[in-house]
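S.K.: Residue strings, one per chain:
There are 2 protein chains.
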Amino acid sequence: MLFRQLFDQDTWTYTYLIADEETKEAALVDPVLEKVERDLQLIRELGLKLVYCIETHVHADHITGTGKLKELTGCKGVVPEKAKVECADIYLKDGEVLKVGSVEIKAIYTPGHTDCHFAYLVNGTHLLTGDALFIRGCGRTDFQSGDAGQLYDSITQKLFTLPDSTLVYPGHDYRGHTVSTIGEEKQYNPRLANKTREEFIDIMNNLNLPNPAKIMEAIPANRQCGNVAAAAV
Amino acid sequence: MLFRQLFDQDTWTYTYLIADEETKEAALVDPVLEKVERDLQLIRELGLKLVYCIETHVHADHITGTGKLKELTGCKGVVPEKAKVECADIYLKDGEVLKVGSVEIKAIYTPGHTDCHFAYLVNGTHLLTGDALFIRGCGRTDFQSGDAGQLYDSITQKLFTLPDSTLVYPGHDYRGHTVSTIGEEKQYNPRLANKTREEFIDIMNNLNLPNPAKIMEAIPANRQCGNVAAAAV
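Protein chains in written order, with the numbering used here: chain A, 461 to 693; chain B, 461 to 693.
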């Protein structure tokens, strides 16, 4: 498997490029509109064929590159079942496995940050946690049908039950970390380690975060696969 | 081997944490002063003992965390032989191998960005290229005894002769890339692929880059292992 982590400095977003090195089929997870040219250049240079753009959820902090990538490459857009996205080609079910060549990407329903959030377990070893679990943190739960109790359940019952050695690759990082493990997060995530569901909900309800700068444009645009013009109609 | 890439968003600098998972001995390569607390927390959480802080060169764009880390942990500062650093504990020779537990870190003299620059090959697979080779780019050569011709020779004769599969981990990235390979850089680095020595020198002599914001404080401070007060005397 080829696995590349890519960073968007403006929105602190990680995009992941995953490919089968034999068949050259590739998928991008959570591409960012402003980084489409960078990602396509890398895909071309590595001799890959982009077959899927996969979203962990409808993002509020950046506009997805999926629409533009579909237009430029003919790849398919993949989103969680029930996500309010009208332009996707594949709506994944919880537990469903998407194959990129021989690489297996398993969808794990992990609501809480939004009500239609999926994490993706790649080949059983690399867990893309989206905005559910961050390195020593987690996604916020104060908009887009977020629910702190639901996020606690998603993380503790679905993600923390994976093997301790599972690599954690988050959707964002704000302190310069790139990777962690389930074992580390169980032990050291300050919002979750030794915290009850009630304590977690209390932490999440008192974060008092400002809204993401792009929220008003990002959510409608992302429901149209990042097509800003269609979102404005 | 435990291998972690860490990013400083302010100066686009990558720091690397390398450790032997059995003996728990660890080294940091190119730590950043403002990120010392983050790095130490990670080292503590992973149950590691910091034995070395290793510099690829005397940095002009950020102040090293080595001095503060030496003070806080008693680790040893490691720099390239002949680097104008007065406070280091170990001066590595070209080709010398530093052991961190059973992890082997081999010094490769790669001047050109500065006249005392080392790349480090970790366990034969992970190449820390410092400011010699970047992903689809390279370090500048217009100050600190930089020399474009020398950098061309360092990259083409020392780094590009390693196996194509060698992982390239640079000292900086400005576009959100995290890792590449020697094979990719040989083929796609726009400053080096199919470029003669003369063409490379011409490219480097016409970059017209502004000086790094922190150059006036960083170089004297880094010659004192990041001790800003000592540098000001």
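I should point out that these hints are in silico values taken from the structure, not numbers from a laboratory. One should not assume that every hint holds.
Reference excerpt, derived from the structure (chain A facing chain B, CB under 8 Å, subset only) [as the list claims (entries may be wrong)]:
id : residue
1  : Asp468
2  : Gln469
3  : Phe620
4  : Arg635
All of these numbers come straight from a predicted model, not from anything done at the bench. All C-beta atoms, glycine included, are put in the ideal place defined by N, C-alpha and C.
S.K.: For each hint, tell me whether it holds in the structure or not.
M.R.: Hints, one by one, checked against the model:
1. Asp468: This interface hint holds because 6 Å falls under the 8 Å limit.
2. Gln469: For A/Gln469, the interface hint holds, since the closest Cβ of chain B sits about 6 Å away, which is under 8 Å.
3. Phe620: Violated. Min distance 17 Å.
4. Arg635: 6 Å, holds
In summary, the structure is inconsistent with hint 3 from the numbered list given earlier, while agreeing with all the others.
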